[in-house]
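Peer 1: Here's the letter readout for the chains.
There are 2 protein chains.
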Amino acid sequence: MDTDKRPIYPIQVWDITETEFDIKNNYRNETTFALSNGYIGTRGTFEEAYDFDIDTGLEGNFVNGFYESEKIRYGEANFGSPLLSQSLLNLPNLKETHVILADEKFDMMDGTVEEYERVLHMKEGILERKLIWTSPKGKKTRIQILRLVSFARKNIMLISYRVTPLNYSGEIQFVSKMQTDVENHTRKTNPIVDYGPFGRRLDPDKMWAKNNKMYYEGTTKGSQLTMACGSSHVLWKNNDLIKELSWQKDIEEMMAEISVSVECEQGTTVKLDKFICYSTALDMGKNELETFVNKELEAAETDGGLYLEKYQKEYMESFWKIADVEIKGNEAVQQGIHFNLYHIIQAAGRDGHTGMGAKGLSGEGYEGHYFWDTEMYVLPVLIYTEPEVAKKLLDYRYGTLDQARERARILGHMKGALYPWRTINGAEASTYYPLGTAQYHINADIAYALSLYLQVSGDVEYLKEKGAEILIETARVWADVGSFAECKDGRYCICDVTGPDEYNVLVDNNFYTNLMARENLRDAVGAVSYLNENAPEVLSRLEEKVDFSIEEIEMWNQIIEKMYFPYDEKRQIYPMDDGFMMRKPWDESKIPPEKRAWLYENYHPLFIMRHRMSKQADAILGMYLHSNLFTEEEIRRNYDFYQEVTLHHSSLSTCIFGIVACDIGYLDEAYKYFSQSARMDLDDYHNNFYAGIHAANMAGTWQAIVNGFAGVRCQDSKLRFKPVIPKEWEEYRFRIKRKGTLLEVTVSKQEARFKIIEGDRINFWIGEKNITLKCEGDQYVEKI
Amino acid sequence: MDTDKRPIYPIQVWDITETEFDIKNNYRNETTFALSNGYIGTRGTFEEAYDFDIDTGLEGNFVNGFYESEKIRYGEANFGSPLLSQSLLNLPNLKETHVILADEKFDMMDGTVEEYERVLHMKEGILERKLIWTSPKGKKTRIQILRLVSFARKNIMLISYRVTPLNYSGEIQFVSKMQTDVENHTRKTNPIVDYGPFGRRLDPDKMWAKNNKMYYEGTTKGSQLTMACGSSHVLWKNNDLIKELSWQKDIEEMMAEISVSVECEQGTTVKLDKFICYSTALDMGKNELETFVNKELEAAETDGGLYLEKYQKEYMESFWKIADVEIKGNEAVQQGIHFNLYHIIQAAGRDGHTGMGAKGLSGEGYEGHYFWDTEMYVLPVLIYTEPEVAKKLLDYRYGTLDQARERARILGHMKGALYPWRTINGAEASTYYPLGTAQYHINADIAYALSLYLQVSGDVEYLKEKGAEILIETARVWADVGSFAECKDGRYCICDVTGPDEYNVLVDNNFYTNLMARENLRDAVGAVSYLNENAPEVLSRLEEKVDFSIEEIEMWNQIIEKMYFPYDEKRQIYPMDDGFMMRKPWDESKIPPEKRAWLYENYHPLFIMRHRMSKQADAILGMYLHSNLFTEEEIRRNYDFYQEVTLHHSSLSTCIFGIVACDIGYLDEAYKYFSQSARMDLDDYHNNFYAGIHAANMAGTWQAIVNGFAGVRCQDSKLRFKPVIPKEWEEYRFRIKRKGTLLEVTVSKQEARFKIIEGDRINFWIGEKNITLKCEGDQYVEKI
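Those protein sequence lines, which keep their order, are chains X and V. Numbered according to my numbering, the first sequence terminates at residue 784, and the numbering increases by one at each position without gaps. Numbered according to my numbering, the second sequence terminates at residue 784, and the numbering increases by one at each position without gaps.
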């Protein structure tokens, strides 16, 4: 990780601006300027569709949840290894648009470009490109292109293309294309994965162009899923709709285009609004797709481009109103935070049957899979700021419980559900179980996020409707996977799992796993007790549905009481697992610098795992999440130990160390870690941003401020603060939602101010002080 | 494992007889009647080349060390995963021979067969088939076919085909074929392996037929290795050579044949001697192959079939003279022992650059790979009985030291050599490292076998020439892989290895591994000390060759002193590894009977490894090999513990338990285990004999008698006996070689008799008694 990089883009708190077009930055910038609404994702490629090769660019258009499958081949297959892959599929590209300005085609590689700017307006949720182009023959044209993926209309993306001839009048021709001959990059983006998708994976079912519309429908070769897309086009001249246009069309086997020309006088602006729609048979019957896409396009046309822009701004305004973290005294960090939050809100699936990829919908990295990143890193942010979106992501997990139950059976558990380590469709997609299925902690991670949601939101209905079932089913696997070991005084041991730390594989009694498992069980006991008292009919329904008996709780309580944790008496710390302290000391000096961050690419797994070092926060993450169960002194000892042995080779690490450093009063270290997280992607510290965002770290920076500097926790149903401020800042401010009430927290050098912005009552703790605010505007100030 | 099976073949101590031809037994019997000389292996298929499908038969002809490679695909590849497979390749079949008896082709599926017998004459090393066939038209013919793979001539196999018309005279035509369109079975024999070889892998370079000879030369598509084969034919009538025969030929793209006819009078015997030769470019330049094969065929012709038969018998006679174990009172076991020893001596590579496959050369199982089976199971037998062959197998390991050094670097060891878990060409071929490369104990296993060879043979020259280098290089990996762990009182811990037990994977401090590693280091220290005193010039050469410094020994000695072993205080036993006692108790009753022996085929690896059970002898094997380091009481406690948790799902297990049971006076149990081993393959207890022999268990039965019942050990340079006799036997007798002296040991109910058969001096111990015999015929009797 290269954290000494200079800022790539100008420091502007609300914008990311590219000031010149340079092909060598193209691949990375495609991710920077990627747009998404949690359903459609599109990379920041240009409408002109410049040529690039596999090392310089990737045209990418994705629909959340839409994947291709291939048969996976293994050297030697294991029972229960997934047989079919799930890869987020790169879909037809409808962005491509060419403008011919009186016989000269706009092309930034040709002629001259002035006043170039590409700006991601994070406040508004809109990507804008503007420039003045002088053609080889000397015609000067102002070009402005807005692009948005609509938060108003799940299926719609808009490109609003404005052209103004500055020193000539003439015919302006727009050519709009639909390129269906697309392929995933695969090898480039997932180099260790030895299966496809390779080549074109969609077989066309339908394709047509008619007047101002184009339509395509295709079915994947492997997963046999059908997707549909289309575009429709409207032209304006100086804000007047141009009617009765004469559209030309051209259809080839894998491409369709329509074109239209208008006369345009010098100084006049012609605007093309291009509405693009994507949908898939995951949302409806295959035979309904064509009608649906047409209806959506017509509806978008009726709304109009300006309305879509307006709604986009409104949506983002309401998002920022709650989610924004304002920092006075450090614009670079402020920009980084905005960038991170912007990509997070873009990436989250919100229709209840899609999740959120570790790379969002910004690229093909990790095959587009959903991991624990969603629950442990992203959901806490959404739970406090966008609880409705958080709930939809939990819905996705609820919706895949049946597959998790099936998976548990494959792993030999006769009861319960085991969530997949990697997935899109709910089935396990990890092909290397030591770093995949062995990460049983995913079960407890999901249960944790669910419990946090329930605590913060107070949404009891969700517990009854879905939450309790998830808690019970995940708990049952914990009650089966381990055993009370005589050699450990009858304590409950869990063997042969992999914790979050991917450099310590198939270990016994991973501290994080045992801790999270215990709390998963505790939450399940709590849920069952609650239902027993308050909603016995729900409990009865569950008992029947999942063949659950309340007697199982006895065993759960025993495990809770007797859970084993590895402990080093001399150091008085919790080793990551039973074997950690025995491992060979790590000697970084023996690793050539260029290999240091890429251990699995350069060293055998056995070499990595036999060393005493850690890739990322593991035990420390557990101590953050359940900080109420440890003394500060205990956390400090463990932190001191782990910061010596942690390499932070995962983007999920530094933000957590930063939070825990706050907890124990190591403010300078906390700020150092925070700084390594805040602009990690914006300045491409890992040199792999081209493959997609690191969503977990992006969310982690919000946590580093809110849970770290402000010390926010919601544990045992208590909301708690412990605010501090880094010396580098003058003030910071954020808002969180708790049971419907919106609280604003402003921390300056002198004080922390708590104020109800919306809602009527909130109770929280600062240290031993219990504070209640009672109405909108009510506030409390704590000196610090 | 089904150990209650009735004997498949009649009980005959020296013969295995098939009394009728039944296609349903064909696949298994092809292994039973497989022949080999350690170089050529051929399955027991018939000359008539009956049709069978992938479930009923496999024509197989192999050359030791000759393999095909394919690119291996992995779900996710790890650094250091082998990229190319090594599969023993199924080669062109030259056995096919048809006889046309006055226009009627001999075919056992047609006409009637009487007096049918196929007999493996184990005493002579010859396979014989004899029968009387009555053709559909009523012609009666006596047919006798001898087959042998020559111990005299490494490259030669002989088929001697005798035909005697009993009730007619007429023309007898022999048609001899060379079928080159052959394929491996692959899927059937290695079901969990997801790569080839698929289809025909040899591309023909040359093929011709001329007079009484045929020749073929081909090169593999993947490994680019060239092999050659040919046959030549001689006919006799009533022991007179028939000269001036008129040979016809027919050559197709993938097949050649020659044929010849002779007139034959009723009662006269016509004999075809067919000499078959295989060679490969592993032994010589590709351009020398054709000349070589022709010369070998001519030499074999000159010898003649009768000479080859005679030599075969002589070879086997001298083999049995030393290796035979004679048992009075149990013919079934006697037959089983002969069968096992016969297949062992067939299977061992003996040219110094080939090893011995776990399946010998009897089938395609395990891709023909060499494992630790050779060193831990087979070599001890050969060391005591055929030390020259044992040395050749050690030569193979010495010859692949460079590849083992390379492999050590890949595993992150800057010094030393790490032998591959599976291989043919010396490079690692295991594609699933938890059950492959993680079995570091292979290094110590090879060092153990080498040390045993050195101790038993007293071959100091071998130590100087090759042995010391192997001991030093293997030891260096042990000195690097672990570390002195503060949390274990500074003892030396070895983490993340897999021991012999394949149900307990990637564990810390596997007892067997730590023990064997320590002894590997001790032997290396011993070797270096010996050289330092007795052959300093050899040590100097080694220091230079492998950049070794005598100072490394300090560290080795520290490790020897401080090696850590897991210990359960309460039970006073050595658990298999640090985590074993914490694992979930195994409940066999939850496993459906049909899945019990096939856990990896029916359960996820995580399910298997989280349970407290063991596939096979592991700690117990270590206690057998180094029994001098443990008290009898200690061994008994461990045996009692392990026999409760061991499932014996490996064919390598029961023989070892039997030996240790003897050690601790559990004679009845020892006999029970021995019985499960003695006829395991002959009666096909595992129901997979079709895929090839279980060489390790076959050798293990010899060990169960010699090292078990007779208690033979050679430890600390002392030869020791502790003879007992199972109540089921009247007497047993065997011979072992020690420093060139051949000792015969006869154990009856009353006494054990020790007698020098060849050689002039031997010293051994019985309990505390030290006995020296001083000349041929000298004997000692111990009452028991």
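Bear in mind the hints are in silico, worked out from the structure with no lab data behind them. Just so we're clear, the structure is a prediction, and the values are computed from it rather than from any experiment. One or more hints might be untrue.
Same chains, same names: a pair is fine if it fits in one copy or spans any two.
Unchecked claim - Below, computed lysine-lysine pairings styled on DSS-like, alpha-carbon distance capped at 25 Å:
(1) Lys-415 <-> Lys-595
(2) Lys-464 <-> Lys-739
(3) Lys-615 <-> Lys-570
(4) Lys-783 <-> Lys-545
(5) Lys-595 <-> Lys-210
(6) Lys-415 <-> Lys-590
(7) Lys-286 <-> Lys-237
(8) Lys-545 <-> Lys-237
(9) Lys-739 <-> Lys-321
(10) Lys-545 <-> Lys-590
(11) Lys-71 <-> Lys-188
Peer 1: Which numbered conditions among the earlier hints are violated in the structure presented, ordered from lowest to highest?
Peer 2: 4, 5, 7, 8
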